[in-house]
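Engineer: Residue strings, one per chain:
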Amino acid sequence: MKKKKTKGGVNYGKHGLLFIAPFFIAYLLFSFWPLLSTFYYSFFEYVTRNLHTTVKFCGLQNYLNILGIADGERAYFLTYLGNTLRIWILNFVPQVALALLIAAWLTNTRTRLGRGGIYKVLVYMPNIITAASISLLFYALLSKFGPIMSTLRSWGLIGATSDIMTSKWGTSLTLSFILFWMWYGNSTLLLIAGMMGINPSLYEAADIDGASGWQKFTRVTIPLLKPVLLYVLVTSAIGGLQLYDIPALFNTGNGGSLIGLPDDTSTTVTMYIMRLHASDTGRAAAVSVLLFIITLIISLIFFRAFRDDKEYKSLRAARRRRRGART
Amino acid sequence: MKEADNLRLQKRRKVLRHAVLIFLSLLSLLPFYLMFVNATRASNDIKAGISLFFGGSLAENLKSFASAQVGLGVTVLGAMLNSFKIAVPFTFLSVYFSALTAYGIYAYDFKLKKFAWGFIMAIMMVPTQVFAIGYYKFMIQLHLIDTYWPLIIPAITTPAVVFFMHQYLQGALSLEIVEAARIDGSGEFHTFNTIVLPLMKPALATQAIFQFVYCWNNLFMPTLIISSSGKKTLTMFVQMLTAESFRTDYGVVFVGLAITILPMFIMYFIFSRFIVEGVSLGGVKE
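Protein chains in written order, with our numbering: chain A, 1 to 327; chain B, 1001 to 1286.
A hint or two may mislead.
[What the hints assert, rightly or not] Dumping the calculated DSSO-like pairs for lysine-lysine here, alpha-carbon to alpha-carbon at most 30 Å:
id, chain 1, residue 1, chain 2, residue 2
1, B, K1002, A, K216
2, A, K14, B, K1063
3, B, K1047, B, K1063
4, A, K226, B, K1014
5, A, K14, B, K1114
6, A, K144, B, K1063
7, B, K1114, A, K226
8, B, K1047, A, K168
9, A, K216, A, K226
10, A, K14, B, K1113
11, A, K144, A, K168
What the hints contain is simulated information worked out from the structure, not anything from laboratory work.
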């Protein structure tokens, strides 16, 4: 950053403050204040009877309720968090594996696959198309009497009564597949950018040492790609926790009830917030606060990992040296 | 001999890799292809199984779709227009104020500069959903519920875009230009609008596309804010297609979906190069 001196007694610095003011005012008003008030609302009980809502301070009762600690309450928050995580993990692991593979292929200069322009354009495409429409599209294609299930049935590959929509794992895996299919292109592009940033002389040095392709990948590419991989992981995890559009439209109860079928096993945390938002503000706020805390923890781990990157590396190098001395 | 073997292996590997990539590309297209095909088939044919060939029922499906959407209170084109009314000002505000904020931090020195930048970086990861309840209540208090304002105004604060603009400024703007403008007597705000903004055109264009897509595809916030059916956005329209009245007629569902997807589909293929480049520029922090 360059230093700017004040000239002729004019202080230009105040313009900087002026220019960033709209951002900060809008943030305080439309993000920070709502966040604080969400915390506040989470300590109140909202009871609506005969169109009249009474509000009463209730301490941590909302939290005890959604965590299932209070009498007669089910741990909906944990159930829905579990659903969300199940769907996210089933998508993320294959997503990163495939993205790494394709990124390695497209950046490998030896096989001369070309720069893969058209492949990049096609595999990234699902990411841009409206998720709501994509979700309903998969639902229509895969529902019990939809075209794909009918064809599989007529080929005798599935039984007459089989139905993805009545199976917990069928629904979860399909949701994960949609996510995977929408996002692996994005991860691939990020990883390609990361791999392009690696100094080619490192690979040349590895070649001279007689390293195999796999060794180069695990010893050079992966360690140097760590910041990008971490970025992909954290943005995907935070995005995954907010998962809404796709499960909200995929296999839900009638009339936009936001109950993820079958048996509530595909309901996510944000669907729960949306379901509660008008009827039980306190509980919805408590769910939001817990979601915020989890998001915060993930981001903190991310920043720590970035900050400690150097120390971590020297630590590992030292450990490796020690191990080397022992053998 | 070994050299020739090696070459053959290399070639076989290349063919295999191309095959996998072609398969994946087709996988990206297949669901959309099936959607367009099914939009032209009668419901009973769709229930009978997959077909890769177009049918002759497009006009019929369109007609049924047109009559089915009457009960929804908004037509698909009306919903598209609503989405457009939100997404255009959203995009403009987001891109303009992000550029302004990034420039304010890049070009000036002031006391809170470090803090301001740290703050923007820190809030980048905070998703809107976690304060949606407070936002909803706040908008009720301001009597802005069921209007488009709550969906547009937050565009002023898009930290990820500020970050991107800041990155771009570091490479594209030398402060000597600003200095020269100052000597010519140009005011600071005037300099930003007439000299800095034009220099940032490529960054503005890339981010404008992404912000437009983000806003157009958003379902969560509109669902929270909008209640009257005439104001519903395109994504909310898609949600209405899940209703029982539509689920029975597959042809109508597919034709409806095809209409909702078509604008993004066309836009993507026009701007795909821009977009693909933009993804890798925005995501990787050096």
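Engineer: Taking each numbered hint in turn, which are not upheld by the structure, reported in ascending numerical order?
Structural biologist: Going through the list in order, the structure violates hint 2 alone and respects the others.
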